[in-house]
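*Asks:* Listed below, chain by chain, are the residues.
Number of protein chains: 2
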Amino acid sequence: MNIVLLSGGSGKRLWPLSNDVRSKQFIKIFKNQEGDYESMVQRVYRQIKKADSSASVTIATSKTQVSSIHNQLGENVGISIEPCRRDTFPAIALATAYLTDVKGISEEEAVVVCPVDPYVNDDYFQALKELSALAQQGEANLVLMGIEPTYPSEKYGYIIPTSAEHVSKVETFKEKPDVKTAQDYIDRGALWNGGVFAYKLKYVLQRAHELIDFTDYYDLYTKYETLTKISFDYAVAEKETDISVMRFAGEWKDLGTWNTLTEAMEENVVGKGILNETCENVHVLNELDMPILCMGLKDVIVAASAEGIIVSDKEQSSYIKPFVDAIDQQIMFAEKSWGSFKVLDVQEESMTIAVTLNAGHKMNYHSHQRRDEVWTVISGQGRTIVDGMEQPVAPGDVITIQAGCKHTIIADTQLRVIEVQLGEDITVEDKCKHELEE
Amino acid sequence: MNIVLLSGGSGKRLWPLSNDVRSKQFIKIFKNQEGDYESMVQRVYRQIKKADSSASVTIATSKTQVSSIHNQLGENVGISIEPCRRDTFPAIALATAYLTDVKGISEEEAVVVCPVDPYVNDDYFQALKELSALAQQGEANLVLMGIEPTYPSEKYGYIIPTSAEHVSKVETFKEKPDVKTAQDYIDRGALWNGGVFAYKLKYVLQRAHELIDFTDYYDLYTKYETLTKISFDYAVAEKETDISVMRFAGEWKDLGTWNTLTEAMEENVVGKGILNETCENVHVLNELDMPILCMGLKDVIVAASAEGIIVSDKEQSSYIKPFVDAIDQQIMFAEKSWGSFKVLDVQEESMTIAVTLNAGHKMNYHSHQRRDEVWTVISGQGRTIVDGMEQPVAPGDVITIQAGCKHTIIADTQLRVIEVQLGEDITVEDKCKHELEE
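Chains as they are written, first to last, in our numbering: chain A, 1 to 438; chain B, 1 to 438.
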């Protein structure tokens, strides 16, 4: 089975664990059978490999998520990188071209496209295999998964099938309705549109060529910024007449708010947290080093990261967005291609950060115009290059870097460094990259 | 007026803002008329000076609080330092001897003794003046303040007066009762014993000489550790026959739990915090740099410091102690005689801390056996002495200190330093003090 996972943008509804640089699908929140915590993307990837160990998985996402994906899934997963966000039709066209032109998959093969973040069981992945087979057999140009509704939701679009059979033709699509209309749809046999569908590669390539002037993947990638933002539903699905839907009645949850996310947690506390015996339906997600003590709370979510802390009634937590928009947020923690960093101390003319470089990785060779830096190595082995001079470094070594000085650090083993930045005007923009002659 | 403020020990009921090294009376929580936040001790000191600008204030406390007291009240406040905790009778005897032998106050003068942490209005301090005058006039050997009870509390001892007059003789004392007994006492005209009383210095000196073999303040200080733990009530008040009580009917609150403390707060949020419009009776006390967002909560206290975070129903918060006892707490922030420190990062073989030295202060001259240190100066001007060599330091300067090396830093202006400690076994015990030849 070929599968494309659409890994969507950053969301604020799960602040402070998701934000402008970190998306909800990377939060490690689910305990797996080995007792380790895994993220949505890790859980889905593991489930796919369990259902079909030879599945070819490609993640369609933006540049900002590449580091997190490699850190969580390893280096072997395929990634179709969107140079910028252009909605689902350009993203799916690019990923489809990636499968044929980069992965060398035949245009006659089918692919299943689905979101990276549904909370589902193994039966969902069996259904994906069935969906793939239907597309491969030529059941229709496009075969959708229709999810049996469990309540009249306003959050989803609806698919109206022509019959109640397991697989049937699609009569029409309906936009997100109000509750009453949703109930009418359900009474007519409508299914939720979960954004899951399968097609033969050549089908979407043909649609793409009709709508976009491009030769191959590389050409499409280059002109990606010039493309119009348009959804796959609008550009393709709603215009297609040869289209089928396959029913799926298993568990399917969209974990988009603290309320729905905590429903899927097996434990009430992830990280350092204590609930006293009078707490009811309380969940704590704590990424900080300090403990959170909860007493006498009911239906409350507490989530904490270096960005901030939310304490909310679970129902209320879905109204979080405008409050988070109003917070002037400094990025305090980020995963990078080379490791991660964490801001420890911010003063008027200094900033102290803890940097972790993964073994075999290095920073870009760079300089700053308006700040000096002092590195103190606290663990690991590696090398620094400062103005062309390379030297080995080990715990206790101190490297001082004046403004203007080119520098990098290379981790031979995992390397941890305390970096003190000193200057009147410390910004991320103050960075010049340089070529390193090696 | 001479006044001795008893500044009690550390408490855990206001964790994480009070702990083993920080007591509740130093938490800056009350907004004064200038819009600045002040602590209980600062509020009480300001109120005393307003009631009697020439009042001589002495704080009776342990060594561990001296830095915090000087930081919050300045260098001019008198402090009677208890070398160790020996309950209230030795503490009051020591403070009384301090007033005569160190401050040179006549034994014929009266003094008022009261706790440092009641939440009261200006009328309370007028009552203290009246209490002092009564003792000075010889109304009785000991003149107590009796607080008009507002409910049958189990938390206080009771004083039964012989009459309902404003000042009357004391018939008897009663220990903390159950609610029913408390109501009986109140029906008989009993008053709360708030631990406030006045006497002429010679009176307590005489009692002290009867019970302890000592010559003067210095002798008493030296043998303080050998003294028996005994309360002033038990050693003196309950045995005294010439004893009066003066009624006080003004506001008097004991802010010992989050529930009572937040009742006295004028604002719902101290520090970075946001309450949405569906929050009711929610208080946030946030000492962290990151924001706390509260949504849809009712009757909840959220308090956060570098030690941890409590989120509690207000009623429930009084049961906090066993939970805090169970937390293995590393001290993450502390005020010192020379400034303060904050732990930024803890790893297996390193610890990074931010150190602030107040102008004119210095660290002890010391060395460590099992760790190296790297100091990076981030702001201010000063000098370091490393193995006897003095050198000036300014922002950007880095000082590396090998294990065994004697070192100190002297702040000419307020000085901030990032200190990286490196070693396999980093403990506060690994510290040798040395004499500095100057």
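Heads up, a few of these hints could be off.
Repeated chains share a single entry, so a pair holds when one copy, or any two copies, can fit it.
[Stated by the list, open to error] Within a straight-line C-alpha distance of at most 27 Å, the following computed DSSO-like cross-link-like pairs (lysine-lysine) qualify:
1. 321 x 272
2. 298 x 431
3. 298 x 272
4. 103 x 272
5. 336 x 12
By construction, these hints were calculated from the structure, which means they are not laboratory data.
*Asks:* It remains to establish, for every hint, whether it holds in the given structure.
*Replies:* Results of checking the hints against the structure:
In this homomeric assembly, residue 321 and residue 272 come within 27 Å of each other (Cα to Cα) both inside a single copy, at 26 Å, and across copies, at 18 Å. Taking the closest pair of Cα atoms, residue 298 and residue 431 never come within 27 Å of each other, the shortest separation being 48 Å inside a single copy and 47 Å across copies. Taking the shortest Cα distances, residue 298 and residue 272 sit within 27 Å of each other both inside one copy (19 Å) and across copies (24 Å). Proximity of residue 103 to residue 272 under the C-alpha cut-off of 27 Å is found in neither arrangement, the shortest distances being 43 Å within a copy and 50 Å between copies.
For the homomeric pair residue 336 and residue 12, the shortest alpha-carbon distance inside one copy (20 Å) is at most 27 Å, but the shortest distance between copies (40 Å) is not.
Checked against the numbered hints above, the structure violates hints 2 and 4; every other hint is satisfied.
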